[in-house]
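S.K.: If you want the building blocks of each chain, they are given just below.
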Amino acid sequence: MTLWWAIAALCAGCYALKLAGLAAPRRMLEHPVVRRFAELVPVALLAALIAVQMFTEEGGLRFDPARTAGLGAAVVALLLRAPFLVILAAAAVVTALVRLFLG
Amino acid sequence: MEQTTHRSAAVRDALGVGVAVGLSGVAFGAAAITAGLSVPQACVLSLLTFTGASQFALTGAVGAGGDLVTATLGALLLGGRNTLYGLRLADLLRVRGARRLVAAHGVIDETTAVTLAQPTEEAARTGFTTTFASLYVTWNLTTLAGAYGASSLGDPAALGLDVVGPAAFLAILWPRLASSAQLRLLAAAGAVIALCATPFLPPGLPVLLSALPVVGAVLVVMAR
Chain X
3 MTLWWAIAAL CAGCYALKLA GLAAPRRMLE HPVVRRFAEL VPVALLAALI AVQMFTEEGG
63 LRFDPARTAG LGAAVVALLL RAPFLVILAA AAVVTALVRL FLG
Chain A
95 MEQTTHRSAA VRDALGVGVA VGLSGVAFGA AAITAGLSVP QACVLSLLTF TGASQFALTG
155 AVGAGGDLVT ATLGALLLGG RNTLYGLRLA DLLRVRGARR LVAAHGVIDE TTAVTLAQPT
215 EEAARTGFTT TFASLYVTWN LTTLAGAYGA SSLGDPAALG LDVVGPAAFL AILWPRLASS
275 AQLRLLAAAG AVIALCATPF LPPGLPVLLS ALPVVGAVLV VMAR
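Residue numbers (the numbering used here), protein chains in the order written: chain X, 3 to 105; chain A, 95 to 318.
Next up, chain X with everything else stripped away, as it sits in the complex:
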């Protein structure tokens, strides 16, 4: 399997997965279990994505002080009800500054 085949398979597969959810029959959507599931799943997945992107690297746990400080800045900005872009900018700037100072 060459890299181009892997890329083609991933492109086709990812699109099919996206379309499958959007094109699922309405009957299925109206089922209360599916509805509840679809409401709760993004909360768990987004939290897991944050945790994995923040605290793992190359298949292992890793604490990155700069990234953690950046996310802390985002929490402060959220508590202050800052606009979205300000939240992201605060996170990136604090992370970059901590990296700069810690070397």
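Warning: the hint list may mix true and false statements.
Stated by the list, open to error - Examples of chain X residues toward chain A, derived with CB under 7 Å:
hint, residue
1, 12
2, 33
3, 72
4, 87
5, 104
Read the hints as simulated data drawn from the structure, not as lab findings.
Cβ coordinates follow ideal geometry from the N, Cα and C atoms, glycine included.
Following the hints, put chain A in place on chain X, whose structure we already have.
M.R.: Using the frame of chain X, we list chain A on its own:
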């Protein structure tokens, strides 16, 4: 009047997410080249896969010298959450035919989060379209820039760009976490499961495993 306010707030949220998260395409472009992909390969992934986590999963595995079949399967598993997002969005977007075929390509973490955060259906649809368009354009342009200029732009991590994704996800989750202790518990459980599973499972699986407590919660509701 209130409709217009909701819609312009949706556009503001959407552009914020789209442009800011889209900028991390630089990180993807640079990572892809570092992993040994060509510039066209990096660009095709951003244009046609257009789901960051899966793209990073594939290039990460390729860079680590992993088997291509396993690498592709891991990346596809990670794309499985878009199916769940699609189920949730179908009700709000109500797209049919050719528009559905186009909209499907935009069903990812960021568009879902912005769409679900809107107070009205109209604002939700505006939020989806604006996030999709701005993120798609930015993500693809910055992938190209990152792939070409990886060396001249320097390390994306030095600019703190690696924290933009998690910060965006947190901002998106925040209102839901603030509104319900149950959702906070679910989010914490999801995060802990994914972290505990990371050393033992291939990339992609730990995040999917975080859906397990949701299965539990739904079963409890059904049993009542």
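S.K.: Give a verdict on every hint.
M.R.: Here is what the structure says about each hint:
1. 12: holds, 5 Å
2. 33: violated, 10 Å
3. 72: Holds, about 4 Å.
4. 87: Status holds, d = 4 Å.
5. 104: The hint is violated - residue 104 of chain X has no Cβ within 7 Å of chain A, the shortest such distance being about 12 Å.
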